[in-house]
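S.K.: Using the sequences and the hints given, assemble the complete structure.
Here the protein sequences line up with chains U and G, keeping their order. The first sequence lines up with residues 1 to 130 when you count with our numbering. The second sequence lines up with residues 1 to 145 when you count with our numbering.
Each hint should be verified, as a subset may be incorrect.
To be verified - Calculated lysine-lysine pairs in the DSS-like style (CA-CA distance at most 25 angstroms, straight line): (1) G:K72 x U:K12; (2) G:K72 x U:K106; (3) U:K12 x U:K54; (4) G:K67 x U:K12; (5) G:K65 x U:K54; (6) U:K55 x G:K65; (7) U:K105 x U:K54; (8) U:K106 x U:K55.
Claimed, not checked - Reference listing, derived: stretches of chain G covered by chain U, where coverage requires no fewer than 3 residues with Cβ under 8 angstroms from a Cβ of chain U: (9) 14-28; (10) 87-97.
Unchecked claim - To give an idea of the chain U side of the interface with chain G (calculated C-beta under 10 angstroms), a few residues: (11) L25; (12) K54; (13) S68; (14) D82; (15) V93; (16) A95; (17) S130.
I should point out that these hints are in silico values taken from the structure, not numbers from a laboratory. Since we're looking at a predicted model, the values are computed, not measured. The beta carbon of each residue, even a glycine, is placed where N, CA and C say it ideally should be.
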Amino acid sequence: MKSVKEFFASHKAAANVATVMAALLTGVANGAFGGGGGMLAVPAFTVLQGLEEKKAHATAVAAILPLSAVSAAIYILNGNFDPSFGYYVVGGVIAGGVIGSFLLKKISSTLLEFVFYGIMLAAGIRMLAS
Amino acid sequence: MNAGVILFILAGIAGGVIGGMGLGGGTLLIPILTVFLHVGGRQAAAINLISFIPMSIVSCVIHAKNKLLDVKKALLVAIPATVTGALTSFFAQRAPQSALTKAFAVFLICLAVVMIFSRTRALFSSIGGKLSKYPLFPRPDGERY
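M.R.: Below you can see the structure in the form of structure tokens.
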């Protein structure tokens, strides 16, 4: 992995072209599925732009914010937000987000990461099968 | 409060905790909503997009104070991503839901496989790299132990 990073560190133009391509895909994923763009943007910042993990996460959140706002507006205007249960989930996410950012400093996330990716894999297979 | 309301709040909390830890909350929240709570795909997408906004504004302010934000690089991604994001959101309103769900499923499976692979590699090299002599688990810096 380091050799890939070194390549892009010494070839800025190639790094920027690859970053823009990753950004285009980030937009496609976030627009079509409503999420998941961050999982493409973070590696783009670490591998292609050489940012360290924490900076890459912070920068990815900022990069996805305008795109999420535009996409959210398009979904809402097309009647795809149902407030009868939507607000409960949004409230839960905000509470969970605060809990998560505190937990980040307190617990090792390795086990949680494997559980999380296992759920992702299972959910993907289930969705494909249904 | 009925059971349904509590389930929706719990789903949100699960997604929020994972998102707050920087692991990709939306990739958990959307499957929970669609697979377990039978919410429509576009409804789940909208909920995830909306809940990301307040969260990310707060985290941007905090990260900017801690000088963790690289504004130039953020813009390099934000501008092209917003263009394709707007276009695909527009088309996603009309696309058949089953096609979107299948595409999302493939996306999730690919991400999960890549992440499990890279985390397993990182885990083994942090444990002591005993497996690094096997070509599947090289040390991240390319050296041999």
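S.K.: Against each hint, give a clear statement of whether it holds in the structure.
M.R.: Right, here's what the structure says about each hint:
1. Taken as a hint, the K72 (chain G) and K12 (chain U) pair is honoured in the structure, with Cα atoms around 14 angstroms apart against an allowance of 25 angstroms.
2. Restraint check for K72 (chain G) and K106 (chain U): the C-alpha separation of about 31 angstroms exceeds 25 angstroms, so the hint is violated.
3. Between K12 (chain U) and K54 (chain U), the direct Cα distance comes to roughly 21 angstroms. Compliance with the 25 angstroms bound is thereby established for this hinted pair.
4. With a C-alpha separation of about 23 angstroms, the suggested pairing of K67 (chain G) with K12 (chain U) holds against the 25 angstroms cut-off.
5. A C-alpha spacing of about 14 angstroms is found between K65 (chain G) and K54 (chain U), which places the hinted pair at or below 25 angstroms, so the restraint holds.
6. For the given pair, K55 (chain U) sits about 12 angstroms from K65 (chain G) by alpha-carbon distance, which is consistent with the 25 angstroms threshold.
7. With a CA separation close to 13 angstroms, the supplied pair K105 (chain U) and K54 (chain U) stays within the 25 angstroms bound.
8. In summary, the hint linking K106 (chain U) to K55 (chain U) is supported, as the alpha carbons are separated by about 19 angstroms, within the 25 angstroms threshold.
9. Given a C-beta distance limit of less than 8 angstroms, the hint that chain U covers the segment 14-28 of chain G holds, as 15 residues qualify and 3 suffice.
10. With 8 residues having a beta carbon nearer than 8 angstroms to a beta carbon of chain U, the segment 87-97 of chain G meets the requirement of three or more and the stated coverage holds.
11. For L25 (chain U), the interface hint holds, the least distance from its beta-carbon to any beta-carbon of chain G being 8 angstroms, beneath 10 angstroms.
12. A distance limit of 10 angstroms between C-beta atoms decides the matter here; for K54 (chain U) the minimum to chain G is near 6 angstroms, and the interface restraint holds.
13. For S68 (chain U), the interface hint holds, since its Cβ comes within 10 angstroms of a Cβ in chain G; the closest pair sits about 5 angstroms apart.
14. The criterion of a C-beta within 10 angstroms of any C-beta in chain G is met by D82 (chain U), whose closest approach is roughly 6 angstroms, and the hint holds.
15. Taken as an interface hint, V93 (chain U) checks out: its beta carbon lies about 4 angstroms from the nearest beta carbon of chain G, inside 10 angstroms.
16. At about 6 angstroms, the closest approach between the beta carbon of A95 (chain U) and any beta carbon in chain G falls short of 10 angstroms, and the interface hint on this residue holds.
17. The beta carbon of S130 (chain U) is positioned within 10 angstroms of a beta carbon in chain G (closest approach about 8 angstroms), and the interface hint is therefore held.
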